[in-house]
Amino acid sequence: MTTTTTGGAPPGATAPPGPTAKARRDRHGVRGSTRTFWLFAGPFLAGLLLFVYVPVGWSFYLSFFQAQNTVTPTKFVGLDNYKDILTEGPFTDSLWTFTLFALIVVPLTYVLALALALLVHRIRVARAFFRSVFFIPTACSYVVASMVWKLSIFNGVRFGLANTVLGWFGIEPVAWIGTVSPPWYWLVLVTLRLWLQLGFYMILFLAALQQIPKELYEAAWTDGARPGWQTFRHITLPQLRTTSVAVVLLMLIAAYQAFDEFYNLLPNTPYARPPLVYLYYTALGQGQDFGHGSAGALVLSALITMVTLLQGRIFGFGKADR
Amino acid sequence: MSPEQNPSRPFGRRSFLRASGTVAAAGFLAACAGNTGRGGGASSGKAISQWYHQYGEAGTQQAALRYAKAYSKANVSVQWIPGDYASKLSSGLVSSNGPDVFEFHPDVQMAKSGQIVPLDDIIADVKSDFTEKDLAANSVDGKVYGIRMIDDPQFLYYRKSLLEKAGVEPPTTFDELIEASRKLDKGGVKGLYLGLKGGSDILASPLVWATGSELLTADHKVAFDNPETVEGLKKMRELYKSKTLLLGAPTDWFDPSAFTQGLTAMQWCGLWAMPGIQKALGDDFGIVPLPGIGSAGRQVVYNGGWSTYVSAKAKDVDAAKAFVKWLWIEQTKFQEDWCTSYGFHIPPRKSLAAKATKLQSGTAAEAVKLFETKGHYDDPYWTQGMMTISQDMVNNAVVSGKNPESEVAKARTRVEAELKKIA
Amino acid sequence: MATSSTTLVRGRPRTVRERAGSVAVYTVAVAAALLFLVPFYLLIRNSLATDADITGANWKFFPTTLHWENIPELFNDPAVPMARSMWNSLVVGVLGTTGQLLLCSLAGYALARVPYRHANKIFYAVLATLMIPSAVTFVPSFVLVSSLGWVSSLQGLIVPGLFSGFTAFLFRQYFLGFPKELEEAARIDGLGSWGTYWRIVVPNSRGFFSAIAVITFITNWNAFLWPLVIGQDQSSWTVQVALSTFTTAQTINIHELFLAATVSILPLMLVFLFLQRYLVEGVAHTGIKG
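Protein chains in written order, with the numbering used here: chain A, 7 to 328; chain B, 24 to 446; chain C, 4 to 293.
Bear in mind the hints are in silico, worked out from the structure with no lab data behind them.
Positions of the beta carbon are idealized from the N, C-alpha and C atoms, including for glycine.
Heads up, some of the hints might be wrong.
[Claimed, not checked] Derived Cβ-Cβ restraints for the label pairs, each shown as a range:
# : chain 1 : residue 1 : chain 2 : residue 2 : range
1 : A       : Gln217    : C       : Arg202    : 26 to 34 Å
2 : A       : Glu94     : C       : Trp71     : 49 to 57 Å
3 : A       : Gln217    : C       : Met272    : 27 to 35 Å
4 : C       : Arg280    : A       : Thr93     : 49 to 57 Å
5 : C       : Arg120    : A       : Ile218    : 51 to 59 Å
6 : C       : Phe78     : A       : Thr93     : 48 to 56 Å
[Said to hold, decoys possible] No more than 16 Å apart at the CA atoms, straight line, and that leaves these computed lysine to aspartate or glutamate pairs for EDC-like:
#  : chain 1 : residue 1 : chain 2 : residue 2
7  : B       : Lys425    : A       : Glu94
8  : B       : Lys183    : B       : Glu353
9  : B       : Lys266    : A       : Glu178
10 : B       : Lys135    : B       : Asp402
11 : B       : Lys348    : B       : Glu202
12 : B       : Lys433    : A       : Glu178
13 : B       : Lys209    : A       : Glu224
14 : B       : Lys425    : A       : Asp99
15 : B       : Lys444    : A       : Glu178
16 : B       : Lys433    : A       : Glu94
17 : B       : Lys443    : B       : Asp306
18 : B       : Lys433    : A       : Asp99
19 : B       : Lys156    : B       : Glu353
20 : B       : Lys150    : B       : Asp306
21 : B       : Lys444    : A       : Asp99
22 : B       : Lys443    : A       : Asp86
23 : B       : Lys96     : B       : Glu254
Okay, chain A solo, but in the shape it has when bound (with noise of 0.2 Å):
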């Protein structure tokens, strides 16, 4: 795409329309114009404001009562919801949980996808079948995933894949996500997101591969450089900075929401509960606490806003630079 602007500057503004939409637009007047725009955008901001705003306000309302089991609660509570959550206690635990999810999870994410790009992208004969192959994955569901994890390839017992293979050289079944000492339930988690993930993240690899100039490489050749890890590190790299931004971006806010495979794999354990799971069972599930759920969810997106706007600031958007 050839966007030049990302700022809001309202792009009807900035280019001066032709003489006779200037002429229809002298006809209409402003008044005109306004009324196509809220023809046209009406309808979604409407839903935009009720869907999302709403709940959003209504989510910061609750955050200050004591809502237990109702969401037209009356007893304020001020500040408490959010000062019990943010003590030591299962909500920062979670939120521990996802940052060593995050931090496992979103370098392999990066590193693996690459890779397979730059495979993808070196091979001459079956490129179309092997991009697909390592794509497909993304269109099955987490919850998919996690039942063919947990039932066929790392149950706990003689017959599942893993432990079939161990069973192979001898080794003694293992219980991977009954147990936190080794932890192998992070293997589990960490490879389902893998192999859900990489294809996404590689097409996107692949897009941006294509769009670095040959000529950037010839000459680095002619300098000297060698194809392979230099040309790469001083070359594909730095050019593929934009997609990698966005990319880091968007498997951190991917992991901030995981839910599906650690409600589907393991769920409510309190070794392996990121923040979503966390919320989903204080507020929605047995809890019913709407209170504690509404302050735990507002802290979480300030949270996300903080590391989205951070990163905005020190890598830029990944999107000014197009």
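Starting from the known structure of chain A, fit chains B and C onto it as the hints suggest.
Frame of chain A, contents of chains B and C only:
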């Protein structure tokens, strides 16, 4: 998953076919009933939505539908909910599309927040037919909120032949249990199965009871913050660290498959599973309570069960109450059918329990005796939120190996915060 | 000098080292591809096996006899509302995608092309919603939807998801780059904004619309948290909720569960096979612009 009993058993393909046949038959019968005018009441326009969690035993869903169809004063639709019933129910009750009548466990929060209505008027005539403990478990501030449908004691099942081969006696102390699990763990068969979370969920309450302690005092204060509970956690940790527990089976503790398929020599499960186990293993099994821990220790059987409640948001509360009265008070034939025709459950009504011949001999009779002598009921003040807290406590101390003293202290703080909410 | 040596590099014959390198590349690629296909292999193997085959002591690479009768068994099973939940997923996927495309493209067009005094502020208000992941607002959203009486209903599943700030943002970015000349020509022909949009802009943006449609459909089909929260009544389950429910309930046999999973991913496999071009394009767009 709520930590209580969740009677579930594996469905075989045949039982599926059988089940679908029954559905067809039930549909046919219902159609006939409609033609003979018995369904006339259903057209009176009153609709009642009734929720059950998914029972694993074949035929239960059809039975529930059959009872609903037989009611003539309203059109009862049955929702059969597999999976995380407690969560589905909780969110259903806040919304305007929830159940009118549902089964669940006693929970003071639902009563205090006005989600369920008292049922004193419909139970009044037969109150003396229920045991004191069943009534107490469903009472808040002197009002009865739920009518017990079934009592489900939980205990340890063991394979007699495997214990004999290993030269092990059925364990009566916790140390013996650990020892037995060690000796039984061989040849691809694990020693003991306590569910996917190593017992940290289902045994959270029984573990505290087994140390001689209580969860809450009679006046609803924290009672588990003591050295006994810490000792209990340490013993559980020892058991867990023995590496003899079965972990990661495809089915959870409430399903006897792991036991019947020979993946484990012992398993924590409930009375409901007994007919299935009998069918699979003949009489090659026995039962024992959870052994006591420490000097004040006592053997424990967990008296789970299900009760029926009426939602305050029911479209017509009186109609819903009338249906509950009809099904769970008046229709004793259905109650008998529900308790003993599929899985085994103890009828909470004394008069029905006396007639339940299937529960009066063999291991089933033993289970009933354990239920009466060693059984512990849930305290309605021990809410769903507190259960999660105590399960976190056990999981952190037992599975993750965190310091038991500080876990107990943390749980105390969190439970006290919960108690404040319902005070 | 530079040019000549460039041609030299380009045209030089492949060295032994490079050939060895390319063998290595293919070896790695094949190994990785096999790993990626393992879950699909397990899905098919377990779908057409008996539970005895699956849980047996020795690993069976493939069931000796394929049990095709598992398929009618799945669809006839009253405990697994497979057909119903597939239908729900399809309805949610199709209506959700159509609705979202319609609303968000119109809004994106307005933000990109219709001059309006407050357009700037409104654009930032839309942009701000990207910072709030929708999953975080599910608690109050549930409350809101339930107060509308939409729990366990198709509108409850579909409507709240229609107003995606992200999709509107993508459309705005796209329309900013849409050639103005085309629109101006349409106006000369006497078309109003509405007419221009439908007769000129949309038909000339088919590729972009298709790309977003495919991505949105897949996202809708695979959505889990919201349908889990909203679908309380069995009749309103999507296929993901049904599957999850049965994995946690553990009361059906393994082969049936895997068959259900296989059936649930089939429609998307078809989408993949036939629309991969759009999909790749769509991913590239959403990713880079996100």
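Hints versus structure:
At roughly 33 Å, the beta carbons of glutamine 217 (chain A) and arginine 202 (chain C) sit within the given window of 26 to 34 Å. Judged by the Cβ atoms, the range 49 to 57 Å given for glutamate 94 (chain A) and tryptophan 71 (chain C) holds: they are separated by roughly 56 Å. Glutamine 217 (chain A) and methionine 272 (chain C) have their C-beta atoms about 29 Å apart, which keeps the hinted 27 to 35 Å range intact. Against the hinted window of 49 to 57 Å, the Cβ-Cβ separation of arginine 280 (chain C) and threonine 93 (chain A) comes to about 53 Å, which satisfies the hint.
Distance hint for arginine 120 (chain C) and isoleucine 218 (chain A): a CB-CB separation of about 42 Å, inconsistent with the stated range 51 to 59 Å. Checking the proposed 48 to 56 Å range against phenylalanine 78 (chain C) and threonine 93 (chain A) shows it holds: the Cβ atoms sit about 51 Å from each other. With a C-alpha separation of about 15 Å, the suggested pairing of lysine 425 (chain B) with glutamate 94 (chain A) holds against the 16 Å cut-off. Note on lysine 183 (chain B) and glutamate 353 (chain B): the hinted pairing is violated, with a Cα-Cα distance of about 41 Å set against a maximum of 16 Å.
Taken as a hint, the lysine 266 (chain B) and glutamate 178 (chain A) pair is honoured in the structure, with Cα atoms around 11 Å apart against an allowance of 16 Å. Distance restraint check for lysine 135 (chain B) and aspartate 402 (chain B): the Cα-Cα separation of roughly 15 Å lies within the 16 Å cut-off, and the hinted pair is therefore satisfied. Simply put, lysine 348 (chain B) and glutamate 202 (chain B) have alpha-carbon atoms about 49 Å apart, too far for the 16 Å limit, and the pair is violated. For the proposed pair lysine 433 (chain B) and glutamate 178 (chain A), the alpha carbon gap of about 36 Å is over 16 Å, so the pair is violated.
Of the pairs offered as hints, the one joining lysine 209 (chain B) and glutamate 224 (chain A) is violated, with about 65 Å between alpha carbons and a cut-off of 16 Å exceeded. For the hint linking lysine 425 (chain B) to aspartate 99 (chain A), the alpha-carbon distance of about 13 Å falls within 16 Å, and the restraint holds. Note on lysine 444 (chain B) and glutamate 178 (chain A): the hinted pairing is violated, with a Cα-Cα distance of about 48 Å set against a maximum of 16 Å. For the given pair, lysine 433 (chain B) sits about 9 Å from glutamate 94 (chain A) by alpha-carbon distance, which is consistent with the 16 Å threshold.
Proximity of lysine 443 (chain B) to aspartate 306 (chain B) is assessed by CA-CA distance (about 49 Å); at most 16 Å being required, the pair is judged violated. Straight-line distance between C-alpha atoms of lysine 433 (chain B) and aspartate 99 (chain A) comes to about 13 Å, which keeps the hinted pair within the 16 Å bound. In summary, the hint linking lysine 156 (chain B) to glutamate 353 (chain B) is not supported, as the alpha carbons are separated by about 21 Å, beyond the 16 Å threshold. Taking the CA atoms of lysine 150 (chain B) and aspartate 306 (chain B), the gap is about 37 Å. The hint is violated against a cut of 16 Å.
A C-alpha spacing of about 23 Å is found between lysine 444 (chain B) and aspartate 99 (chain A), which places the hinted pair above 16 Å, so the restraint is violated. The suggested pairing of lysine 443 (chain B) with aspartate 86 (chain A) holds, with an alpha-carbon distance near 13 Å, which does not exceed 16 Å. Taking the CA atoms of lysine 96 (chain B) and glutamate 254 (chain B), the gap is about 55 Å. The hint is violated against a cut of 16 Å.
When each numbered hint is compared with the structure, violations occur for hints 5, 8, 11, 12, 13, 15, 17, 19, 20, 21 and 23.
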